[in-house]
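*Asks:* Taken in order, these protein sequences are the chains called D and Y.
According to my numbering, the first sequence is numbered sequentially starting from 1.
According to my numbering, the second sequence is numbered sequentially starting from 1.
Think of the hints as simulated: they come from the structure by calculation, not from any bench.
There could be a bad hint or two in this list.
The following residues of chain D were derived to be distant from chain Y, with all beta-carbon distances above 12 Å [stated by the list, open to error]: (1) 3; (2) 8; (3) 17; (4) 20; (5) 41; (6) 52; (7) 72; (8) 85; (9) 92.
Okay, derived cross-link-like pairs now, DSS-like style, lysine-lysine, Cα gap no bigger than 30 Å in a straight line [unchecked claim]: (10) D:102 <-> D:55; (11) Y:199 <-> Y:27; (12) D:55 <-> Y:312; (13) D:55 <-> D:4; (14) Y:312 <-> D:6; (15) Y:199 <-> Y:123; (16) Y:126 <-> D:102; (17) Y:126 <-> Y:27; (18) D:6 <-> Y:150; (19) Y:126 <-> Y:312; (20) Y:312 <-> Y:199; (21) Y:332 <-> Y:123; (22) Y:332 <-> Y:126; (23) Y:199 <-> D:4; (24) D:6 <-> Y:199; (25) Y:27 <-> Y:312; (26) Y:27 <-> D:4; (27) Y:332 <-> Y:27; (28) D:102 <-> Y:199; (29) Y:123 <-> D:55; (30) D:55 <-> Y:27; (31) D:55 <-> Y:126; (32) Y:312 <-> D:4; (33) Y:332 <-> D:6; (34) D:6 <-> D:102.
Beta-carbon label-pair distances, calculated as ranges [claimed, not checked]: (35) D:10 <-> Y:336: 32 to 38 Å; (36) D:120 <-> Y:46: 42 to 48 Å; (37) D:27 <-> Y:154: 41 to 47 Å; (38) Y:175 <-> D:50: 37 to 43 Å; (39) Y:329 <-> D:115: 52 to 58 Å; (40) D:10 <-> Y:292: 56 to 62 Å.
Note that beta-carbon positions come from the ideal geometry of N, C-alpha and C, so glycine has one too.
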Amino acid sequence: MLLKLKPDSDTPIYLQIRRQIVAGFARGELAVGEQLPSVRQLAMDIGVNLHTVHKAYALLQSEGYITMSGRRGAVVAQPPLWDDEFLERLQIQLDELLLEAKGRGVPAEALERLWRDARDGIGNSD
Amino acid sequence: MMIIWTLVFVNALMIVCLAFMPFVTRKTELFGVGIPAEETNRPELVAMRRAYRNIAVIVGLVLLALQLLFMLNPALNGGFSLADTSHLTGDGSVRFLAPFFVCLAVFIVFSFVLYLHYHRCMKSFKAAQGWRDSEGVSPVLIADTEPASKETVSLWWLLLYVAIAVATAIAVLVIWPSVPDRVATHTGLNGMPDAWADKGPGAVLPLLGSQWVLLGTFALTILIVRHAKRQIDASDPEASREQGRRFRRISSALLLFGGAALGALMGVLTVSTFLGVNPQALNTFMLVAMCLVIVVIIAVLLRVGQGGSRLKVSAGGGGRAGGTPDDDSYWKLGVIYVNRNDPSVFVEKRFGVGWTVNLGHPVSWLFLIGIIAVVVVVMVISYGSAN
């Protein structure tokens with residue numbers, strides 16, 4: 001898959017990398033066991049500091065999306081399946097989003113449309 | 001006569017390479033200036049490319065004609081005639097070769113001055129049009145998640161180089177008993193030997209050493225292809241990625257082949273020298289074979305284009321991902337890349353096919369110093385062995 005990173009965005013580059021790799025895995029564009037570029041190679045290709053890529057990989061590793069080994073470098077891994085703790089974290093993020101929307105008076109229909117669009121967008125409408 | 005045509009041919013090849021340069025670079029980087037993907041076929045830009053080529057070809061042909069004239073005219077070339085080539089050694093060959101080197105140097109300098117002229121034209125044209133590379137779209141940086149190591153030839157192939165070097169050394173050892181006490185280590189332009197050495201390590205090591213330097217240079221270049229920045233064009237990232245992959249696969253295979261062919265030829269030359277093969281026949285064979293290898297390499301690179309930009313690929317058509325970040329300020333004169341914030345040591349050239357260094361990275365300086373050191377060592381050794 002291709003990473004498309006926006007240097008102008010409010011989201012820092014390392015978080016953009018993390019999000020796109022997580023999304024790539026969910027969409028099946030990245031398979032378990034697939035090798036990723038080394039930190040140095042990815043930093044060169046993007047043209048950013050090695051530290052930025054290292055931060056993204058460290059985050060992905062701590063979340064279980066990749067494993068890092070000396071010989072094979074970064075490899076896509078099977079993240080742990082959901083559990084109560086994960087649901088709780090989602091709940092917190094969802095609450096945050098909904099409260100922000102409520103504060104700005106977003107109507108319920110608009111929220112539902114967003115929810116449906118997002119579900120269709122990731123190809124998982126059942 | 002053979003040598004004259006070879007020297008004309010080498011310069012003709014160089015002229016073709018330099019004259020067609022604007023046609024083999026990425027279309028979004030004309031004369032070292034970044035231009036928006038939608039504007040690459042503007043008539044003004046097409047006219048500039050053609051004018052550069054036409055001027056370069058005309059000047060090149062004039063220089064080639066002058067070179068030939070000087071080489072064939074005994075009044076101008078220090079008394080050389082086709083009938084008598086006996087003095088084509090030592091100082092005689094230096095005088096004979098002068099028109100060749102003058103033609104070479106003058107054309108390289110001329111084409112660079114011509115490039116600079118069009119580089120400036122391009123820059124002011126871009127400013128006048130008010131182009132920014134990221135026309136209204138926010139810039140996007142694109143990277144492939146597949147490792148680069150899968151794109152180039154396997155490094156195990158480098159064992160082929162080791163095999164060539166070892167085979168040459170073994171062959172020399174095997175024929176050693178039958179080698180005469182004095183060995184011709186160098187032949188003049190007329191194909192006759194003009195330097196000898198006593199049978200011993202001093203006669204062998206410079207020949208073997210130059211083969212190792214050649215094989216080492218090709219191996220290093222393959223490693224550079226593997227570790228260079230992979231540039232992906234934001235206007236059609238999928239197609240650009242596929243072109244880049246093929247470009248790196250083709251160039252690494254081409255380098256592997258070229259190094260193996262030239263290395264093997266040098267091995268043949270070394271062994272034949274010790275066997276006392278007719279030097280004139282040997283020289284002719286070597287010249288033709290080396291020219292062929294170089295022509296193949298150049299022809300493939302011109303066909304493929306910088307970054308594979310001239311390759312047709314079925315991937316792509318997915319539309320643009322965003323704007324291309326404007327890198328012009330990092331490219332001094334459009335050819336020298338200095339970017340301290342880029343961790344890449346090797347990047348694709350803007351004007352030409354191949355890679356260049358990022359002078360903003362300290363490792364690139366070590367690399368350049370290393371190259372100069374190797375050149376100096378080779379020159380010292382070959383000078384030492386010639387005396």
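*Asks:* So, for every hint listed, does it hold in this structure?
*Replies:* Consistency of the hints with the structure:
1. Once the 12 Å rule is applied to beta carbons, residue 3 of chain D is inconsistent with being away from chain Y; the minimum gap is 5 Å.
2. Non-interface status of residue 8 of chain D relative to chain Y is broken: a Cβ of that chain comes within 12 Å, the nearest being about 5 Å off.
3. Chain Y draws residue 17 of chain D into its interface by the beta-carbon criterion, the shortest separation being 9 Å against a cut-off of 12 Å.
4. A cut-off of 12 Å between C-beta atoms contradicts the statement that residue 20 of chain D is not in contact with chain Y; the least separation is 9 Å.
5. The beta carbon of residue 41 of chain D sits about 6 Å from the closest Cβ of chain Y, which is not more than 12 Å, so the claim that it is off the interface is violated.
6. A beta-carbon of chain Y comes within 12 Å of the beta-carbon of residue 52 of chain D; the shortest separation is about 10 Å.
7. Interface exclusion of residue 72 of chain D from chain Y breaks down, the closest Cβ pair being 10 Å apart, not more than 12 Å.
8. The claim that residue 85 of chain D is not at the interface with chain Y holds, since no C-beta of that chain comes within 12 Å of its own (minimum 28 Å).
9. With 12 Å as the threshold on Cβ separation, the claim that residue 92 of chain D sits away from chain Y holds: the shortest Cβ distance comes to roughly 29 Å.
10. For the given pair, residue 102 of chain D sits about 34 Å from residue 55 of chain D by alpha-carbon distance, which is inconsistent with the 30 Å threshold.
11. For the hint pairing residue 199 of chain Y with residue 27 of chain Y, the CA-to-CA distance comes to about 56 Å; that exceeds 30 Å, so the pair is violated.
12. Between the alpha carbons of residue 55 of chain D and residue 312 of chain Y the distance comes to roughly 37 Å, so the proposed pair goes past 30 Å and is violated.
13. With a C-alpha separation of about 17 Å, the suggested pair residue 55 of chain D and residue 4 of chain D falls inside the 30 Å cut-off, and the hint holds.
14. Between residue 312 of chain Y and residue 6 of chain D the alpha-carbon distance is near 28 Å, which keeps this suggested pair within the 30 Å criterion.
15. Using a Cα cut-off of 30 Å, the hinted pair residue 199 of chain Y and residue 123 of chain Y is violated, with the two alpha carbons roughly 61 Å apart.
16. Restraint check: the Cα-Cα separation between residue 126 of chain Y and residue 102 of chain D comes to about 48 Å, which exceeds 30 Å; the hinted pair is violated.
17. Taken as a hint, the residue 126 of chain Y and residue 27 of chain Y pair is honoured in the structure, with Cα atoms around 14 Å apart against an allowance of 30 Å.
18. For the hint pairing residue 6 of chain D with residue 150 of chain Y, the CA-to-CA distance comes to about 27 Å; that is within 30 Å, so the pair holds.
19. For the suggested pair residue 126 of chain Y and residue 312 of chain Y, the alpha carbons sit about 28 Å apart, so the restraint of at most 30 Å is met.
20. Using a Cα cut-off of 30 Å, the hinted pair residue 312 of chain Y and residue 199 of chain Y is violated, with the two alpha carbons roughly 56 Å apart.
21. A hinted pair counts as satisfied when its Cα atoms are at most 30 Å apart, and residue 332 of chain Y with residue 123 of chain Y qualifies at roughly 12 Å.
22. Distance check on the hinted pair: residue 332 of chain Y and residue 126 of chain Y sit about 16 Å apart at the alpha-carbon level, within 30 Å; holds.
23. For the hint pairing residue 199 of chain Y with residue 4 of chain D, the CA-to-CA distance comes to about 63 Å; that exceeds 30 Å, so the pair is violated.
24. For the hint pairing residue 6 of chain D with residue 199 of chain Y, the CA-to-CA distance comes to about 66 Å; that exceeds 30 Å, so the pair is violated.
25. In summary, the hint linking residue 27 of chain Y to residue 312 of chain Y is supported, as the alpha carbons are separated by about 14 Å, within the 30 Å threshold.
26. Note on residue 27 of chain Y and residue 4 of chain D: the hinted pairing holds, with a Cα-Cα distance of about 21 Å set against a maximum of 30 Å.
27. As the CA atoms of residue 332 of chain Y and residue 27 of chain Y are separated by approximately 19 Å, the hinted pair is consistent with the 30 Å bound.
28. The straight-line distance between the Cα atoms of residue 102 of chain D and residue 199 of chain Y is roughly 93 Å, outside the 30 Å bound, and the hint therefore fails.
29. Between the alpha carbons of residue 123 of chain Y and residue 55 of chain D the distance comes to roughly 38 Å, so the proposed pair goes past 30 Å and is violated.
30. Between the alpha carbons of residue 55 of chain D and residue 27 of chain Y the distance comes to roughly 35 Å, so the proposed pair goes past 30 Å and is violated.
31. In summary, the hint linking residue 55 of chain D to residue 126 of chain Y is not supported, as the alpha carbons are separated by about 38 Å, beyond the 30 Å threshold.
32. Of the supplied pair hints, the one linking residue 312 of chain Y and residue 4 of chain D holds, its CA atoms being roughly 23 Å apart against a limit of 30 Å.
33. Proximity of residue 332 of chain Y to residue 6 of chain D is assessed by CA-CA distance (about 25 Å); at most 30 Å being required, the pair is judged to hold.
34. Annotation: proposed proximity of residue 6 of chain D to residue 102 of chain D holds, straight-line Cα distance about 29 Å (limit 30 Å).
35. At roughly 34 Å, the beta carbons of residue 10 of chain D and residue 336 of chain Y sit within the given window of 32 to 38 Å.
36. Restraint check, residue 120 of chain D to residue 46 of chain Y: a C-beta distance of roughly 45 Å satisfies the suggested window 42 to 48 Å.
37. At about 31 Å, the beta-carbon gap between residue 27 of chain D and residue 154 of chain Y misses the expected band of 41 to 47 Å.
38. A hinted range of 37 to 43 Å for the beta carbons of residue 175 of chain Y and residue 50 of chain D is inconsistent with their spacing of about 52 Å.
39. The hinted range of 52 to 58 Å is not satisfied by residue 329 of chain Y and residue 115 of chain D, whose Cβ atoms lie roughly 45 Å apart.
40. The given range of 56 to 62 Å is respected by residue 10 of chain D and residue 292 of chain Y, whose C-beta atoms sit roughly 57 Å from each other.
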